[in-house]
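Protein chains in written order, with this note's numbering: chain A, 481 to 982; chain B, 399 to 1046.
The set of hints was computed from the structure by calculation and includes no laboratory data.
One or more of the hints may lead you astray.
[To be verified] Distance windows between CB atoms, simulated: (1) B:Trp403 with A:Val495: 42 to 50 Å; (2) B:Arg835 with A:Leu936: 42 to 50 Å; (3) A:Ile621 with B:Lys991: 51 to 59 Å.
Built from N, CA and C at the ideal position, the CB exists for glycine as well.
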Amino acid sequence: MTVEFSSYSFPIITVSILIPLIAAIILAFLNEKLAKPVSIIASIIVFILSSVMLLAYDYSSYKIQFYEKYTWIPQFGINYEVGVDALGLTMVWLTALSFVVAFVWSTNIKHRVKEYFVSFLVLEAACIGVFVVWDMVFFYIFWEAMLIPMFLIIGIWGYAQRIFAATKFFIYTFFGSLFLLIGVVGMYVYQYFHYGVLSTSYFDLINLDLPFNLEVIFFLLLALGFAIKVPMWPFHTWLPDAHVQAPTAGSVILAAVLLKMGTYGFVRFSLPWFPNASEYFVPVMFTLGVIAIIYTAMMAIAQTHIKRLIAYSSVSHMGFVTIGTFALNVDGINGAIITMISHGLTSAALFLAAGFIYERAHTYEMKELGGMAKFVPVFATLFMISAMASVGLPGLSGFVGEFLALLGTFKVSIFFAALAGLSLIVGAGYTLWLYKKTMFEEELLTEKKIHQWKQLKDMTASEWLSFLPLVIFMFVIGLYPTWWINLIQKTSEAILYKIVGG
Amino acid sequence: MEYLWVIPFSPLIAFIIIGLFGYKLLREPLAGIVAVIGVGIAAIASIIGFIDVATTGNYYDLKLYTWLPLGDYKVSVSLFWDPLSALMTCVVTCVSTFIFIFATGYMKGDPSYPRFFAYLSLFVFMMLMLTLGDNLIQLFFGWEGVGLASYLLIGFWHYKKSAADASFESFIVNRVGDWLFLLGVLLAFVTFGTLDYLDLFNKLPEAGYWTVTAIALLLFGGAVGKSAQIPLHIWLPNAMEGPTPVSALIHAATMVAAGVYMVARVMPVFAASDLALDVVLFVGTISAFLAATMGLVQNDIKRIIAYSTLSQLGYMFAAEGLGLFGEGMFHLASHAVFKALLFLCAGSVLIALHHLLDVQKMGQIGKYMPITTGAFLVGALSLAGIPPFSGFFSKDPIIEGAYEINWVVWVFLWLGAGLTAFYIFRLFFLAFFDGDRLDPHIRKHVHESPPQMTIPLIVLATGAVLLGFFKEFFANFLRPSLDPMSMTFLNEKTKILVEEGLSRSHHVHIHENAWEFLVHSLTSPLGLLTLFTALGGIFVAYIMYQVKIINPAWLTQMFKPIYLTLWNKWFFDLIYYAIFVYGYYKVSRFLWKAGDKIIIDGIVHGSGKTAIFSGNVMKLSQTGRISAYVLQMAIGMLVFLSLFIFLT
């Protein structure tokens, strides 16, 4: 496979990675009060840059665009090599958007404010890095670098059991990454012995002609790393713990960005690198995907802690990405990518909603909540829209991805599509249950609660500003998905190049 | 015909205006007026469009924009205007207009007045997207959208637990149907490569019988959910938690009829498969009969009418299953008018009685509310199928047709007609006449409703009287959409296929002219039997609840098992609750504790603990004394040397 590259007059990607890093360094020397504005400005600049890329991206053919390459260690074939195709680009854009939302939201941090924003800025740089690099050493560096700020965010600004959750998160995902590293190193070594080439570039590793059994081994090594990150059932238990303990903005980033890295990994690496193994493992991945969809939907409805419920719902949605990816056809991949974007928006919005509720009620427990809709009507509306986008109501973003993923799956296996489609029912079950238990049923409240609710303030300005873009884009994607499909179409075809042929 | 886009979008614009400015600027009653204007414009535009197709017999397919490209096929947002969609659109917009006007009176003083009209407008928009789409995806968009509006409106008074529960239930049960529907859409797309109705119909002969059957049955699964047919009917009676205009509009006249409309819309698909038609017939007949039996013993005024809705929808499906699509759609239109009328009368009663729902506690309100009582009587006679009211002209043809096609179906439909007449007049006598059971405190305040509520009642009652006489007009009007030989958009092969599928009803002759049908009914034994059954039902209700020759309590005692079965709605609700609510929740809790907490986290945490434990054990070897290390080294060397010796 030969890939075309096109570069841009301006090193836009490198700048996007550097801006948050530079902002973080500057912040270290600034007053605490400036932490928030500086972070917001930095993240907005990055968002504008990513939007520029989104609009300037030429989707008429498959090219790696905004491409930059600088030599780093030529002896080992390691280069700094960045660029995006539509998959990477949409993920970068989603990352940039999520960080704007997270920064705007984070007004109520009182404790170690500066360190908080520095952690997030470093995290942003690492997250963007993951989605744009094509050199495996840099990929691995960004992939791991992201763990450290996230570990700190959960561990310092989290709730009561934060240390436990942060440790579990770190060790679990780190454990997975090691297999990823072994897999990549294995391929690097194989490449050296069979082709005499030393290169860590994606575009060289993709041309390896691996024997089937090696393909299977490498597939499994990488898949373990990605599966933990997604997370796929049964590697998902770190996620609810991490979400429950993480501060709101941390949960937003965790759900909207970090989970995408796992599925990004599958789409970006597993499919093009190991086409035969991917086909071989379709039944396994379908099974795991469907279990994720249904089993974790059942987990979700069993919860009384609203953040834990939303966390499980994330796992359930990621099941759609898994089955869409492994349907190995264009509809499936399109569905997977759109679901990734859409889930980024909806889960971020739902975690913001949980944060909104916590800031007012000081609890995440369902039995102490309820009946708020009347007192915070604006919030109730936005929360409802987000919930509906999450359950895949046509006209909002969730449906587009789920429909395409289901269509892709249906073409391969009616059985799995029918099972995955059950999420229409069970997904609506837990989401509306969440909504009902927090917003409705005022008559079950005690007098004291009602009195307390009457004092509630509806959305503050910063809450408005962080919610609004998410809701707007839910509509944008839901009402005019054509634009997004056009954007990613060629990329999806390129990803499947080795499987279905040119 | 470009002006047709006004039809769905004027309610949408009303929704947006009310949604954004409802509380701050419009409030009561401006929000209601905006909504009425929005839907009124839609109604006028749709009547103009209706006249156009009635005179020309054309059809129009306007594509607004491409929503989603799927390979070569493009899903578009579109307006498809042919007699069938024109009829449905007119029913929706006209009935909505009167219900909106009624609602401005009904919702008076409600703190959430603007929200109510925002939701109602949203509902009308979604419903019109459903009826006007030219492809199954847009239908599904509207389908889910009306589900959302229904959810929001059932739960309108969400402070009540019962309302929150009912809305939750309705959404979930509908989603069961939607799941099947979506699979049907996917199967259709994978089979035909298109989802536009017209292309789909013309490609029908290419597909195998079983594929078409599967598509039809899966789509029908959606209709069963949306139109609340057995076994997915349980949500509709509970949906009566919503405000009464909602029950009239969504849960009687329009949304629940969407399933009937959908089956008629994709009629060629159903006609291409006997089995699919038989299933539609079977489900419709069973629902028509069972729902009528459930309605016999209820005491909640709105639930009685709700069960009659279930039952009447069953008649419509039965008509479609019999191949009498035109009759089914005509019954849909006539039912929309008289059922909306019945619900609005119930709403008028509820306002007068301060939301007292139990008919056993009513009585004698007829003399305080003459207009409501008169209107209700018209609606009830229409529902019971007494000439010359519209229900007679729309329901009796179905029963007579059934006699000539399948006598088992006929028996159930005929018995159902008798039960229908009985339960609606039971309600009528208990609520409006009969003894002195009304609480004196309430009685003091009973009064006729204001004009914005009674005028819609009068208009709808007039409709219920007159509509039946237009039977012939509607039959001719619908012919280009439902009679295969007149459907200009079908190719020859499909025409033959559809014609064959509908052959079951070819020998049925129903007089299209209303007068001829009336004369025929009053002279043929079959017509007289049906008529006297309905009259008999009314008579039994009269002697039981008005003159009280038979004591209902005594009957209840006599037939206790039957009574209990009916009272518990054939135990559907209990069984579903046990399995799908309690059972599902308990299994989920169990799986969470056993699966996630014990097994998966057991392994995850266990490996962590093992590492710590083994570290603690190994730590013991690190004593810090040189002598101990020397000993360890010596043992190590010994082991390796001995290995070396043994292995070589």
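Here is what the structure says about each hint:
Take B:Trp403 and A:Val495: their Cβ atoms lie about 45 Å apart, and the range 42 to 50 Å holds. At roughly 44 Å, the beta carbons of B:Arg835 and A:Leu936 sit within the given window of 42 to 50 Å. A beta carbon spacing of about 40 Å between A:Ile621 and B:Lys991 contradicts the range 51 to 59 Å that was offered as a hint.
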